[in-house]
Amino acid sequence: MNRGLIRVLFCVFIGGVTLYAYVEKQNQLTRMRLEIPSLEKEVRGFEEENRRMWYEIEQFENPVHLIELLNKPEFRHLKHPNLDEITVLYPLQFKS
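The numbers in numbering that gives the first Met the number 0 rise by one with no breaks, and the one at position 59 of the sequence shown is 58.
To be clear, the hints were calculated from the coordinates, so they are not data collected in a lab. Source: prediction; values computed, not measured. It is possible that part of the hints are untrue.
[To be verified] Here are the computed distance ranges between Cβ atoms for each label pair: (1) Leu33 to Phe59: 39 to 45 Å; (2) Gln25 to Arg2: 34 to 40 Å; (3) Tyr21 to Phe93: 54 to 60 Å; (4) Leu33 to Arg75: 35 to 41 Å; (5) Arg2 to Val42: 56 to 62 Å; (6) Glu47 to Gly15: 19 to 25 Å; (7) Ile5 to Glu41: 31 to 37 Å; (8) Leu88 to Ile35: 46 to 52 Å; (9) Arg6 to Glu46: 46 to 52 Å; (10) Ile66 to Leu33: 28 to 34 Å; (11) Glu23 to Phe59: 21 to 27 Å; (12) Asp83 to Phe59: 25 to 31 Å; (13) Lys24 to Val87: 26 to 32 Å.
Backbone N, C-alpha and C define an ideal beta-carbon position, used for all residues, glycine too.
Construct the complete structure from the given sequences, taking the supplied hints into account.
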């Protein structure tokens, strides 16, 4: 009888440990699910900032804006380079 009681207690102990591990895993999953909305909001903010920066870049590189910059006194010294003044550097091609 003593041996049967030990087996039952051992089975109850193993069942308790298994149940505890399962509940802990569920709690971890719930915590992660609660973090999703805040992370999603942060990602949306990054995407919006990225779109705003692309718009600013497009506005700055707009040919009309560049012509306006060319007409300003602080940029009058700039000129278009001639073809003989342009040096092109090609990347090295390594043989493997």
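Cross-check of the supplied hints:
1. Our hint of 39 to 45 Å for Leu33 and Phe59 holds, since their Cβ atoms are close to 41 Å apart.
2. Hint check: Gln25 to Arg2, Cβ distance near 35 Å, so the stated range 34 to 40 Å holds.
3. Restraint check, Tyr21 to Phe93: a C-beta distance of roughly 55 Å satisfies the suggested window 54 to 60 Å.
4. For the hinted restraint 35 to 41 Å between Leu33 and Arg75, the CB-CB distance of approximately 59 Å leaves it violated.
5. In this structure, Arg2 and Val42 meet the distance hint of 56 to 62 Å, their C-beta atoms being roughly 59 Å apart.
6. For the hinted restraint 19 to 25 Å between Glu47 and Gly15, the CB-CB distance of approximately 49 Å leaves it violated.
7. Judged by the Cβ atoms, the range 31 to 37 Å given for Ile5 and Glu41 is violated: they are separated by roughly 54 Å.
8. A hinted range of 46 to 52 Å for the beta carbons of Leu88 and Ile35 is consistent with their spacing of about 47 Å.
9. Restraint check, Arg6 to Glu46: a C-beta distance of roughly 59 Å breaks the suggested window 46 to 52 Å.
10. Against the hinted window of 28 to 34 Å, the Cβ-Cβ separation of Ile66 and Leu33 comes to about 53 Å, which falls outside the hint.
11. Taken as a hint, the range 21 to 27 Å is violated for the pair Glu23 and Phe59, whose Cβ atoms sit roughly 53 Å apart.
12. Roughly 29 Å separates the CB atoms of Asp83 and Phe59, a value that falls within the hinted 25 to 31 Å.
13. For Lys24 and Val87, the Cβ-Cβ distance of about 59 Å falls outside the hinted range of 26 to 32 Å, so the restraint is violated.
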